[in-house]
Amino acid sequence: MATIFSCTLFSCDIRKNKAKDDVKASDPSVQVFKDSTTVQIIDSVYNFGKVTDGEKVEYNYRFKNTGKNPLIITTATASCGCTVPEKPEAPIKPGETGFIKVVFNSQGRVGDVHKEITVVSNAYPVFPVLELRGQVMEVKK
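The number in this note's numbering is simply the position in the sequence shown, starting from 1, with 58 added.
Heads up, a few of these hints could be off.
30 Å max Cα-Cα, derived DSS-like pairs, lysine-lysine [to be verified]: (1) K126 <-> K159; (2) K114 <-> K92; (3) K126 <-> K114; (4) K145 <-> K122; (5) K108 <-> K199; (6) K145 <-> K114; (7) K108 <-> K92; (8) K126 <-> K92; (9) K108 <-> K173.
Using C-beta positions, here's what the derived DEER-type ranges look like [stated by the list, open to error]: (10) N105 <-> T155: 35 to 41 Å; (11) K114 <-> D93: 24 to 30 Å; (12) G153 <-> D111: 37 to 43 Å; (13) T155 <-> T176: 26 to 32 Å.
Simulated from the structure, these hints should not be mistaken for lab results. A virtual CB, placed ideally from N, CA and C, is assigned to each residue, including glycine.
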């Protein structure tokens, strides 16, 4: 009787594990993880110092694909409409360096500036938030 009971428990456990494997295979987030890569952020914070109201600040954040799969950046968004990021359209091959160009329009932004750029990609761990800092000075008359 004990043998039949143990076999029944063992076979139920196999079915449960098989069901979990089937769910994992169909889960899109698992697929992204399987095709993920790693990334080394070279520049995560840029302090542009002081600029005059109305000046545009441009900067290229650098990163390197340190994984084995192509790095695909799906979106790059900023915390404010005055900051416009441009992501690379082509995948970044393993070992290559890529750039996210950011243009900040300081018009009407007098004072301390702290903007954040969020990058969504197939990198794991995820891309850290990129930061743009500085100070916009009032135009002297």
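Quick one: which hint numbers does this structure break? Sort them smallest to largest. Going through the list in order, the structure violates hints 2, 3, 7, 10, 11 and 13 and respects the others.
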